[in-house]
Amino acid sequence: VIRVLIIDDHEIVRRGLKEIFDDEFSELETGEAQDSRAALELITTQDWHIVLLDINLPGRNGLELLSEIKRLRPRTPVLMVSAYPEEEFAIRSLKLGASAYLNKGRASDELLAAVKKVLSGGRYVTASLAEKLAEALGGDFQATPHDALSSRELQVLGMIAIGKTIKEVAADLSLSEKTVSTYRARISKKMGLASNVEIARYALQHGLVD
Amino acid sequence: MMTTELPTSALRPTGISVVGDLPWGTHFCHFYETKQDLLDTLVPFFKAGLEHNEFCLWVVSQPLTVEEAKRALGRAVADLDRQLQEGNLEIHSHAEWYLQDGRRDPRRTLQGWREKHDQALAKGYAGFRASGDTAWIQHDHWPGFHEYEKEVSALVADQRGIILCTYPLTTIPAAQIFDVTRVHQMVVARRHGRWEMLETPELKQAKAEIRRLNEELEQKVEARTRELVTAYEALKQAEDRIRLVIDTIPTMAWSLRPDGVLDFVNQRWLDYTGLSFAEAMADPKRIMHPEDLSKTTQKWLLNMAAGEPHEDEMRLRRADGEYRWFLIRTVPLLDQQGNIAKWYGTCTEIEDRKDAEQKLRDSGEQLRALTARLESLREEERMRISREIHDELGQRLTGLRMDLLRAERKLEELQGSPAVNSLLDTLVSATELADGLTAAIQEIAADLRPGVLDKLGLGAALHYEGRRFLERSGISCEVRSPETEPSLSAEVSTALFRIFQECLTNIVRHARASRVEAALKLEDGWVTLRVQDNGRGITQAEVANAESLGLLGMKERTALLGGEIVFQRDPQAGTIVTARVPQTRTTPQTKAPP
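In order, the protein sequences belong to chains A and B.
My numbering numbers the first residue of the first sequence as 1454 and each following residue consecutively.
My numbering numbers the first residue of the second sequence as 418 and each following residue consecutively.
It should be emphasised that the hints constitute simulated quantities derived from the structure, not laboratory data.
Note that the structure is predicted; figures quoted are calculated from it, not measured.
For every residue, glycine included, the Cβ atom is placed at its ideal position computed from N, Cα and C.
Treat each hint with caution, since some may be false.
Far from chain B, by Cβ distances over 10 Å, these chain A residues were calculated [to be verified]: (1) 1465; (2) 1493; (3) 1516; (4) 1526; (5) 1528; (6) 1583.
With a straight-line cut-off of 30 Å between C-alpha atoms, the simulated DSBU-like cross-links for lysine-lysine are [to be verified]: (7) A:1585 <-> B:938; (8) B:972 <-> B:771; (9) B:827 <-> A:1471; (10) B:827 <-> A:1642; (11) B:827 <-> A:1617; (12) B:464 <-> B:487; (13) B:653 <-> B:464; (14) A:1548 <-> B:938.
Throw the hints in and build the complete structure from the sequences for me.
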C-alpha cells in the first residue's frame, strides 16, 4: 500500500492528482489537506510514503511548510507540485529539501515517473531544468527522460527514431498529423531533445528501438 | 588774536594811533624831536607787538638808553620782565647792534635783522617787529645809507615783518630828511606831542587797492549768500513737493539717515501700521514680525555697511494686528563725493505671491502623496489581479488539463477504432489549447507582478526578470544578489523591482547595449541596486530632461523611501543607474501591499 498526502487548496487539482494515482496504483491510500494547518496535523499524526505539496497555499506558503515538514519528518520525500513555471521556485524548493519539482500542468506521466524515482530514493526534475539546477545546486538531478513519456509518446518516439515522417506515423496510428505533431512536440519538451537525429540517437542508446 | 596761519597781507595793529593798522612787510620811519616823542611812538608800537604774539626787537640810540627804554615800556606792559625772560622782546644798544669792533658793518647788520626775523617765525611767533635808530650815525658819513635802507625794505617785503626806523629831527640835515622819506613807505612825525603823517604814493595806492578788494569781497559774499538762500528755498520746496508725492503714493516709503536711523515715513506707512509719525520714528522695528527680526536686521546691517542696495522679504504688522508679507527695497542716495547722503526705502505687498508659493508647495506635496498613493494602489491592484489570475484561473485550468490528459490516456488504451481515434485527435487539440491558455495567463500574471517577488523575494525576482529579459530582447542580463534572500519590506522590494524593470525597458529602447549587469547589495542598513549596461551611455541632457517620466518615476520611488537614485555615464561606455534606499522604512502615505 502506498500512502500519499496531497496538499493543495484547489479541490479540482487534488481530485486530478488523486485520479492519476488511482489509475496507476492498485493499493493506494491518499490523504488531502487544503492548508498548512491541516497538512501539519496529518504529517504529525500519520506516516506517508510521499507528500505532494503546492507552493501556493493560504496562510503559510508551501515553501515554509516544506521546511517545517523536512524538520519534522526529514526522511519523508516531498514532491513540489506547482503552477509556477519559474525555475527560481524549483531551485528554492530543492535547496529546502524537496525531492522533486513538477509543473502541475504536466502531471500524469511525468508525475508518475517522478514518484517512482523519488520512492526509490532519488531526486527528480524535468530534463529542461536538470542542467540549470546542476549549475545552481551542484548535485545530480539527471532523470531518465523517457520515464516521463506516456506509452503512446514512447511508441511515436520509436517510429521517429527509425526515420518515419509525421505523415507515416499518423497513417500507421490512424491519427491526424496534427495530433502526431503534438506528440512529437511533447517528446521534445519532456526530454530536452530538439532534432529527429537527437531523438534517434537517444532511442538507440537506451534500447528503445531494435 | 593773530596767528601764524594768516596770509602775509593781513593787517597788523601798529599801536600808533595816527597810523592804525599796517600790513606785513611795511618798512616805515618816524621823526622825533624829543626823547618823549620817541617813547610816545615806540612804547605803544612794541606793546601792540607783544600783545599780538610778535617777536620784538628794539635797538636804542641816543638820546635813549636801554634802561630808559625798559622803564618806559615797563610802565605800559605789566609783565615786561616775563616777556623779556621768555625772549619775546630784546632791547639792544646801537653799539651792540650796528657796530663791530667800533666800526659800522651794514652787511652784518642786515644779516642780523634777517636772522632775528627767521628765528621769530621758526619759534612760532606771529611775526617780527623791530625798530632801529640811526641817530648815532655821523651824518657826514652818509654814503651807502640809501642802499642800506633799500635792503631793509627788501628784507621785510613779502615777509611777516614790520620795521620802524626812527630819526632825530634835531640832528638830521634837511636834505637828508627827503632822502629818508623817499626810502620808506610811510613817514610819521612826532613833534612836541603832535602827530604828523606822510604817505608814499605806493602806500596810498596799496591802501586804495585793499579797500577796493574788500568792497569787492563783500559784494561777492552778499551775492553768494543770496544765491544760497534762493537755492535752499528751492531745495526745500522741491523736498516738500517730493514728500507730498511720496505721501500720496499707495506704497509704503521711508528714508533713513546714512547711519540707518529712520527720519521719514510716508502717510501710507502710517496708515498701514496705524502708528503716529512720532511712534514710527521712535521705534520703527515694532511692526516687524518677531520671527523675521533678527534675520532681516542682520542682512540690512551688512548691506548698509557695504553701502549696497538692500532687498528682503518680511512680514509687517498691519494696524489691525495682522502680519502680511512684503518685499522691501532700500537704496542709497549718493552725494557728489560718492558718500551716502540718504537711504530711500519702499515696499510692496507680496502676501498673494507668498500665499501662491505656499499653495504651490502644498499642491506639489499633495500631488506627490497622491501619486504615491496611486502607485501603491496600482501595485496592490496588480498583485490582486495577478494572484486571481494565477490562483483561480490558473489552478482551474490546471485541473482541466489534468482531466484532458487523463482522458487522452484512457482513449489511447482503446486503440483501433477510427471513431475513437478521431475523438483522440480532438482531445489532444483541446489539451494543447488548454496548455497555450495556461502559458498565456501565467505570462499575464507574471507581467502584472511576478509571484517570485512575493513568494521568494527581490533577489529571485531580479534573476527571474533578467532571464525573461534575455528571452524577449536577446540581451544577456547577469544578476548578482546576496546568497540568502535579504529581508526587505514589500515597499522596498516593489520599488527596486519596478526600477529594475524601468532600467531594462530603457536599455531596450535607448541604450543599444548587448549586455546588462545588475547587482543587489546590502550594506549598513542600505539596499543598493546597481544596473549597468554596455550601451551608448545616458547623456546629461537626458538626465536633466524634466519630461522623462520614466526617470522621474524612479526618482519619486526612491525619494518616497528616503533614498536616492543616480544616473551616470560610464567612462568606458554605457549607463550606470544606482538606486539606494534604507533597508527598513515605512512611509505613512503608502500602504504596504499585504
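Can the restraint linking residue 827 (chain B) and residue 1471 (chain A) be considered satisfied, given a maximum Cα separation of 30 Å? Distance ~16 Å between residue 827 (chain B) and residue 1471 (chain A) Cα, so the pair holds.
Given hint residue 464 (chain B) paired with residue 653 (chain B) - CA-CA distance at most 30 Å: Violated, at roughly 52 Å.
Given as non-interface: residue 1528 (chain A), partner chain B, CB spacing beyond 10 Å: The assertion about residue 1528 (chain A) holds, with a minimum of 26 Å to chain B.
10 Å Cβ clearance of residue 1465 (chain A) from chain B: Per Cβ check, residue 1465 (chain A) is inside 10 Å of chain B; nearest 3 Å; violated.
Would you mind confirming whether the straight-line C-alpha gap from residue 827 (chain B) to residue 1642 (chain A) stays at or under 30 Å? Answer holds: residue 827 (chain B) to residue 1642 (chain A) is near 22 Å, not above 30 Å.
Verify the proposed pairing of residue 1548 (chain A) with residue 938 (chain B), using a straight-line Cα cut of 30 Å. holds, 22 Å
Just want to verify: residue 1526 (chain A) was marked as not at the interface with chain B; is every Cβ pair farther apart than 10 Å? holds, 23 Å
Does residue 1583 (chain A) really sit off the interface, with its C-beta more than 10 Å from all C-beta atoms of chain B? Fine: 17 Å to the nearest Cβ keeps residue 1583 (chain A) off the interface.
Does residue 1516 (chain A) really sit off the interface, with its C-beta more than 10 Å from all C-beta atoms of chain B? violated, 7 Å
Against the 30 Å threshold, does the CA-CA distance of residue 972 (chain B) and residue 771 (chain B) hold or violate the hint? OK: residue 972 (chain B) and residue 771 (chain B) at ~28 Å, within 30 Å.
Decide if the proposed pair is consistent with the structure: residue 464 (chain B) and residue 487 (chain B), CA atoms, cutoff 30 Å inclusive. Judged against 30 Å, a Cα distance of about 12 Å means the pair holds.
Satisfaction of hint between residue 1617 (chain A) and residue 827 (chain B), Cα-Cα up to 30 Å: Satisfied, since the Cα-Cα distance of roughly 25 Å is no more than 30 Å.
Violated hints, listed in ascending order, are 1, 3 and 13; each of the other numbered hints is respected by the structure.
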